[in-house]
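Chemist: So you can see what is in the structure, the chains are spelled out below.
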Amino acid sequence: MERRVVITGVGLYSCIGNGKDEVLDALRSGRSGIIYDEQRKEFGYRSCLTGMVEDPNLKPFLSRRERIGMHQPAMYAFMSTKEALEQAKLDVDFLDKNETGIIFGNDSTAGAVINTIDKVRERKDTTLIGSGDIFQNMNCTVNMSLSTIYKLKGINITLSAACASGSHSIGMGYLMIKQGLQERVVCGGAQEINKYAMSSFDGLGTFSILQDEPTKASRPFDAGRDGLVPSGGAATIIIESLESAEQRGAEILGEVIGYGFSSNGEHISNPNFDGQFRSLNMALSQAGIQSNQIDYVNAHATSTPVGDSMEAQAIHSVLGDQVPVSSTKSMTGHECWMAGASEVAYSLLMMQNNFVAPNINFETPDEDSAKINIVPEMMEKKIDCFLSNSFGFGGTNSSLIVKKFVK
Amino acid sequence: MNREEIISTTKRFLSEEFEVDENTILPDNNLQKTLDLDSLDYVDLVVVIEENLGFKPTADDFKAVDTFDDFYNLVEQKLAELA
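Residue numbers (our numbering), protein chains in the order written: chain R, -12 to 394; chain A, 461 to 543.
None of these hints come from the bench; they were simulated from the model.
Bear in mind the structure is a predicted one, so any value in this text is a computation, not a measurement.
Cβ atoms here follow ideal geometry from the backbone N, Cα and C, with glycine treated the same way.
There may be inaccurate statements among the hints.
Incomplete in silico selection of chain R near chain A, CB under 7 Å [stated by the list, open to error]:
id	residue
1	LEU115
2	GLY117
3	SER118
Sequences are here, hints too, so could you generate the full structure?
Modeler: So this is what it looks like as C-alpha cells:
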C-alpha cells in the first residue's frame, strides 16, 4: 500500500538568513547574500564572489566529542536540522524510541581534508592529526554527526549526487516512506564554504566575474549572465508518513507528491535537454497531475549561459509559457549540494505565505528565457503546488513536486 | 619543569582540551573518569601532551596511569628522559 508523505519540519542555515524568519524576509524583499571574499583573491581564484555564512558556535548545544568530528557541512546541517526538528516537534527522546532515518545530501569535505593533510605534512606523524578529523573528512560527515547526536535508528545514508544531492535526498526519503519502509526521514543538503572547496570549480571559468557589484552577479536567465556564484550552508526537510504526522499532532507544511529523476548519460559537465525533459515529465507522471496544476517553478538555473537556456527550453516544453518561474539562486548563489533541499524550503515558505520570490537581476531576456514566465519582482500569488528542479554534474537530474496538504 | 609546574601546566591544557573544570583535576582523582575519556579521546590526549610538553606517550605508558598523580609521574619521567 502506498502512503502519503508530508513535510512537518523545515530548517535553514543560508546566506540569506539564519533560520526561516530571516530567510522569509530576504525572499520577500529580494535580498542577496552574495559577497566579495578577499581571501579568494590571494588564493588565486578567478572570481572572489560567494555566498557566505559564519561557522556557528555549537558549544552551547553539543559536547566536545560531538563537535570535534564536525566541519562546515555538519556544523551547518546541525543548525538547520535543529530548527527543523523543533518545528516538527521531534526531540531526542522521541527519536531514540521511534525509528527515524536520515538521508542527507553532501558531496565534499575539501576544507576538512586539506586541514588534515596540512597537519600530517607539518608533523609527519598521523597520530598527531587527532581523533576528530576522520569524521570531518568523510563525505558522510553530516550523517555520522546528526545520527549520533539525535539517536536516529532508521535508514542512515549520505546522498552524493553533485548539485542535485539535496533534491534526491528528499526524493529517496519520499520513496522510503511511500513504500512503508520508514515512518519519517530527516532529509536535506549541506555545502561547505571555504576557499578550498570551490577552487577547482573556479578553475573551469564557470563563475561570474561581475565582481564590482556582488549582489548583481548572479543573474539566472538574464541575457547578461556570465556564470554562477558559489554558495553554501544547509537545509533540512523533515518528511514523514501522513499517519505518523497525524498521530503526533504535527503541523503539516506540505505534501510531497512527485519525484522525477534521470541521468543524461552524456557529457560530464554539459547540461542536456533530454535528461531534464525526462525528469520533469517523470515528476508530473508520478504526481498524477497535469502541467497546468503547477503554480510555481523554482528553477535550478544557476546563471550559466548554457545551463539556464537548456532549462528554459525544458520548462517551456513540459510546462508551457504561463507558469511563474524564478531562480532563488539569483539571491543565494549556487548552494550546490545543499541547493535541492534549500530550494524546496524556500518554495515552501512562498507557498505558506502566498508569494513568488523574485528572480532578481533578471533585466533582459534571451531567446530561450523570453519563452517562459520569469518573475523579476516579488509577486503576491497563491501557490497550491510547486515544482523544484535540481541538476548536477555527471548529468544527474531531480524534480520534486510539493503541494499544499488537503486531507 | 618541576612537579608544581607540571601540575599547573597540565591542568591548564587538559581542562581546556577536554572542557572540564580545573578544580576537578586533583592528584587522587581518576584521570580517565575525570576527563571522561573514551578510546578516541586518548588520541587527543597524546596530541595535547606532544604539543605542550614535547613528547608522545604510548598506549603502554598509559597502562600505569590511573590517577592524576600517576600521570604527573609519567610526565616527570618522560621529561627527564628528554633532558
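Chemist: Against each hint, give a clear statement of whether it holds in the structure.
Modeler: Against the structure, the hints come out as follows:
| no. | hint | in the structure |
| --- | --- | --- |
| 1 | LEU115 | holds, 5 Å |
| 2 | GLY117 | holds, 5 Å |
| 3 | SER118 | holds, 4 Å |
When the structure is compared with the earlier hints, no violation turns up for any of them.
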